[in-house]
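A.B. asks: All chains, please: the whole structure from these sequences, using the hints.
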Amino acid sequence: MAKLTINGKDVEAAAGTNLVEAAKQVGVEIPVFCYHPKLSIAAQCRMCLVEVEKMPKLVPACQTPVAEGMVVKTDSERVKTAQAGVMEFLLLNHPVDCPICDQAGECALQDYYMVYDLTGSRSTVGKVHKPKVQDIGGGVVLDSERCVMCSRCVRYFDEITGDAQMGFFNRGDRVEVSIFPDSPLHGEYCGNVVDLCPVGALTWKDFRFKCRVWFLEKAASVCPGCARGCNVTVEHNEGKVFRLKPRDNEAVNQCWMCDEGRASYKFVNEGRLLDPVVREEKKGVTTETLSSQRSEERKAYVKKEEAKAGSREPHTRKAVVVTWERALAVAAEQLVKVVATKGGAAIGVVLSPQATLEDNRAVVRFAADHLGVTAFYMGGRLDGEGDAFLRLADKNPNRAGVLAALEMGAVARGLAARTADDVVADVESGKLSALIVMGNNLPVSPDARARLVSAAARLDAVIVMASNRSELVDAATVALPSATFAEKEGTFVNAMGMHQKLRRGIALVGRALPETQIVQKLAAKMGFDFRPAREASAASPATAAPGAH
Amino acid sequence: MIRVREKYGDRMTALESSYLTETLKGLSITLRHFLENTLTRKNTVTLNYPEEKKPYPERFRGLHRLMKRDDGQVRCVACMCCATVCPAHCIKIEAGEHDDHRIEKFPIEFSIDWLRCVYCGLCVDACPCDAIRMDTGEHPKPQIDRNGFLTTKIDLMKLGGPSVAVQGGVRPDNGEG
Ligand code: SF4
Ligand code: SF4
Ligand code: SF4
Ligand code: SF4
Ligand code: FES
Chain Y
1 MAKLTINGKD VEAAAGTNLV EAAKQVGVEI PVFCYHPKLS IAAQCRMCLV EVEKMPKLVP
61 ACQTPVAEGM VVKTDSERVK TAQAGVMEFL LLNHPVDCPI CDQAGECALQ DYYMVYDLTG
121 SRSTVGKVHK PKVQDIGGGV VLDSERCVMC SRCVRYFDEI TGDAQMGFFN RGDRVEVSIF
181 PDSPLHGEYC GNVVDLCPVG ALTWKDFRFK CRVWFLEKAA SVCPGCARGC NVTVEHNEGK
241 VFRLKPRDNE AVNQCWMCDE GRASYKFVNE GRLLDPVVRE EKKGVTTETL SSQRSEERKA
301 YVKKEEAKAG SREPHTRKAV VVTWERALAV AAEQLVKVVA TKGGAAIGVV LSPQATLEDN
361 RAVVRFAADH LGVTAFYMGG RLDGEGDAFL RLADKNPNRA GVLAALEMGA VARGLAARTA
421 DDVVADVESG KLSALIVMGN NLPVSPDARA RLVSAAARLD AVIVMASNRS ELVDAATVAL
481 PSATFAEKEG TFVNAMGMHQ KLRRGIALVG RALPETQIVQ KLAAKMGFDF RPAREASAAS
541 PATAAPGAH
Chain R
1001 MIRVREKYGD RMTALESSYL TETLKGLSIT LRHFLENTLT RKNTVTLNYP EEKKPYPERF
1061 RGLHRLMKRD DGQVRCVACM CCATVCPAHC IKIEAGEHDD HRIEKFPIEF SIDWLRCVYC
1121 GLCVDACPCD AIRMDTGEHP KPQIDRNGFL TTKIDLMKLG GPSVAVQGGV RPDNGEG
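Chains as they are written, first to last, in our numbering: chain Y, 1 to 549; chain R, 1001 to 1177.
Keep in mind that the hints are not guaranteed to be accurate.
[To be verified] Taking lysine-lysine pairs in the DSS-like style, the calculated list, with each CA pair at most 25 Å apart, reads:
(1) R:1092 x R:1025
(2) Y:245 x Y:205
(3) R:1141 x R:1092
(4) R:1092 x Y:240
(5) Y:57 x R:1153
(6) Y:240 x R:1153
(7) R:1054 x R:1153
(8) Y:205 x R:1158
(9) Y:240 x Y:210
(10) Y:57 x Y:73
(11) R:1153 x R:1141
(12) Y:266 x Y:245
(13) Y:266 x R:1092
(14) Y:9 x Y:80
(15) Y:54 x Y:73
(16) R:1141 x Y:210
(17) Y:3 x Y:54
(18) Y:54 x Y:9
(19) R:1092 x Y:218
(20) R:1068 x Y:210
(21) Y:240 x Y:337
[Unchecked claim] Residues from chain Y shown here face chain R by an in silico Cβ test under 8 Å; the list is partial:
(22) 99
(23) 132
(24) 136
(25) 408
Note that these hints are calculated values from the structure, not bench results.
On a predicted model such as this, the values are computed, not experimentally measured, just so you know.
Even for Gly, the Cβ is constructed at its ideal location relative to N, Cα and C.
C.D. replies: This is the structure in structure tokens:
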């Protein structure tokens, strides 16, 4: 430990801490471009120059470790002049493209200009121009003019992914950051350089021009892409999710996330199941009038459904968009009939590792306690690729949560989750005559999925709680729209067994509801006394993710 | 001019309470105004709009217009500054990637809801590109439904013209960019 003063404030910091971090402890901000806590020290931007007593020259704070008795000033005239000088250098050839720059609003150059510069340009010669809008691969767009040569991106590929994909070329004011010839960015972690870049030199193709950053609202959440459960913020506006950004959590993802995860919000905006749909055996059922903004989309959907249902002979089922009341009444009626004639053992319940711990727990309790179900299966998404950095092969964020939910609700009675392939086998063998499915699809081969869909037509009830449309939703007797991770509160348990909280981002899309509420309403329809929320919170292990804010 | 006679107490005379003379008095005033206004038009304050028009105040701004680049394209670069500052939230812009790298960003759609607009002019102040102006001196035409007031990019550009301000994205052709 070393004791020092920064701007007259006493600081105590561990040996080896640099002045930028030490100053942060007492709320003093030292401006930085090239410094990043996860990268090596380059000390090349000179934005962080500070005055240290007894040192003849200003020193870069990012490269200077704390020492006993140090007296540091970050706000003296000398420091201010140096900061303004660095800003003037950086802006000398900067295009100041802010109106068309995606970084505007979260740009270090903009923010620092307002604090450390605020003067006009003194240059009388034209600016040096460099190539703009270069698609350098990996979903990243490079604008060389906007680059402040901080080398964060270069060091990221050198040190974090270890495959040195970017470098500096040319010298003096012609210097340019770029990729190597004929080698576009590749790998699964390119998006991180966009976050690292303090300016708009690197922008993310998927997000470019979609929304200005100052319109975005942020909700702390967990990436639904894989079992790692990287901490993210869901950034959304007017009911639409625009991007996921990594959130610091040393124990899980540090400050990174993978590109697959960055794209894993798309299903929230597209192809949603907006209304409860009931498939009737007979024709001539009236479609109830509904008020919703997306009536056009829905009408087209229902029409398509009807056409499809009409062609599926001899089981002609007509898809009808109905109210929640009606959908739940039909589902309750079908379930009561199955339980009365064949017993709870004839019902299979597919749980979803895409849904939260609370939702799974509610479904387990409802099915095991009230319907007498003994057959539980693991749903979710098929395994994909994993690697040694962040990505795991299990593409479900909450498999451990499903197992935990089962343990609390059903393992005492000797129940365990079986695989999705078992669902297909049990449906085909006639062991099951009804299904309750959480999730859009089952993690089985396309062939098995097709067999399940055709076999499902013979079942007494197929009740699907899904957020998006799929073949399985088409085959359901009752399809109930459920909320995605971005629309609800809850917990995901990652592969390391950490319970991580999701905060609600956007409002519920269409008439979707979280599964917990769906089961609660269904139970009420069937006349059960069922309160999943209270039981759940009582039994929930209160282990918030470390670093979660 | 209307003459006001002060009366104290609310008792009417017998003649007054018969209403006969009072009604005739009233009718004669109406008749006098009618004849005056149709024959001499001495005291008329109304205008026979739209045949007669009153000049607007000198500083009346009128409807927005979207300015054009020298080659006739829209000047707007979809920076959203106007949509951000607009207190009525009546500007909707959908930004897109332009084929020309020197322009980079442009509005695929740009609409203003003239029913919601409060004609404050803040959008004009906010624009860094002289792309939107409120100097047409026109006001919205009556419409038969609300959607008629939702004015799209094409119509806003029809009102616009070239701007004398320096055009963004212009750079020496040094073989790059
Ligand atoms: S990098 Fe920053 S300062 Fe430069 S154009 Fe983009 S927003 Fe403006
Ligand atoms: S592209 Fe961005 S991160 Fe890379 S050197 Fe330039 S400013 Fe730094
Ligand atoms: S004049 Fe005012 S209210 Fe109308 S569009 Fe412009 S900013 Fe919005
Ligand atoms: S402020 Fe000007 S350039 Fe920006 S979006 Fe509005 S009209 Fe277009
Ligand atoms: S942050 Fe210290 S020199 Fe760049």
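A.B. asks: Do the alpha carbons of residue 9 of chain Y and residue 80 of chain Y lie within 25 Å of each other, as the hint requires?
C.D. replies: Judged against 25 Å, a Cα distance of about 19 Å means the pair holds.
A.B. asks: Would the pair residue 54 of chain Y and residue 73 of chain Y pass a check requiring their Cα atoms to be no farther apart than 25 Å?
C.D. replies: Holds. Residue 54 of chain Y to residue 73 of chain Y sits at ~12 Å (cutoff 25 Å).
A.B. asks: Does residue 57 of chain Y pair with residue 1153 of chain R here, judged by a C-alpha cut-off of 25 Å?
C.D. replies: 57 Å, violated
A.B. asks: Hinted pair, alpha-carbon criterion (25 Å max): residue 245 of chain Y, residue 205 of chain Y. Please report holds or violated.
C.D. replies: Distance ~14 Å between residue 245 of chain Y and residue 205 of chain Y Cα, so the pair holds.
A.B. asks: Quick one, are residue 266 of chain Y and residue 1092 of chain R close enough, alpha carbons at most 25 Å?
C.D. replies: 23 Å, holds
A.B. asks: Given the hinted pair residue 54 of chain Y and residue 9 of chain Y, is their alpha-carbon gap at most 25 Å?
C.D. replies: Roughly 18 Å separates the two Cα atoms, so the pair holds.
A.B. asks: Hint check: is the beta carbon of residue 136 of chain Y less than 8 Å from a beta carbon of chain R?
C.D. replies: 14 Å, violated
A.B. asks: Compare the distance between the alpha carbons of residue 1141 of chain R and residue 210 of chain Y with 25 Å, and conclude whether the hinted pair is satisfied.
C.D. replies: Distance ~33 Å between residue 1141 of chain R and residue 210 of chain Y Cα, so the pair is violated.
A.B. asks: Is the hinted pair residue 1054 of chain R and residue 1153 of chain R satisfied, with a Cα-Cα distance of at most 25 Å?
C.D. replies: 30 Å, violated
A.B. asks: Taking 8 Å as the limit, does the beta-carbon of residue 132 of chain Y come near enough to a beta-carbon in chain R?
C.D. replies: 5 Å, holds
A.B. asks: Does the alpha-carbon distance linking residue 1092 of chain R and residue 218 of chain Y stay inside the 25 Å limit?
C.D. replies: Holds: residue 1092 of chain R and residue 218 of chain Y sit about 22 Å apart, inside 25 Å.
A.B. asks: Please work out if residue 3 of chain Y and residue 54 of chain Y have their alpha carbons no farther apart than 25 Å.
C.D. replies: 16 Å, holds
The structure is inconsistent with the numbered hints 1, 5, 7, 8, 16, 21, 24 and 25, although it conforms to all the rest.
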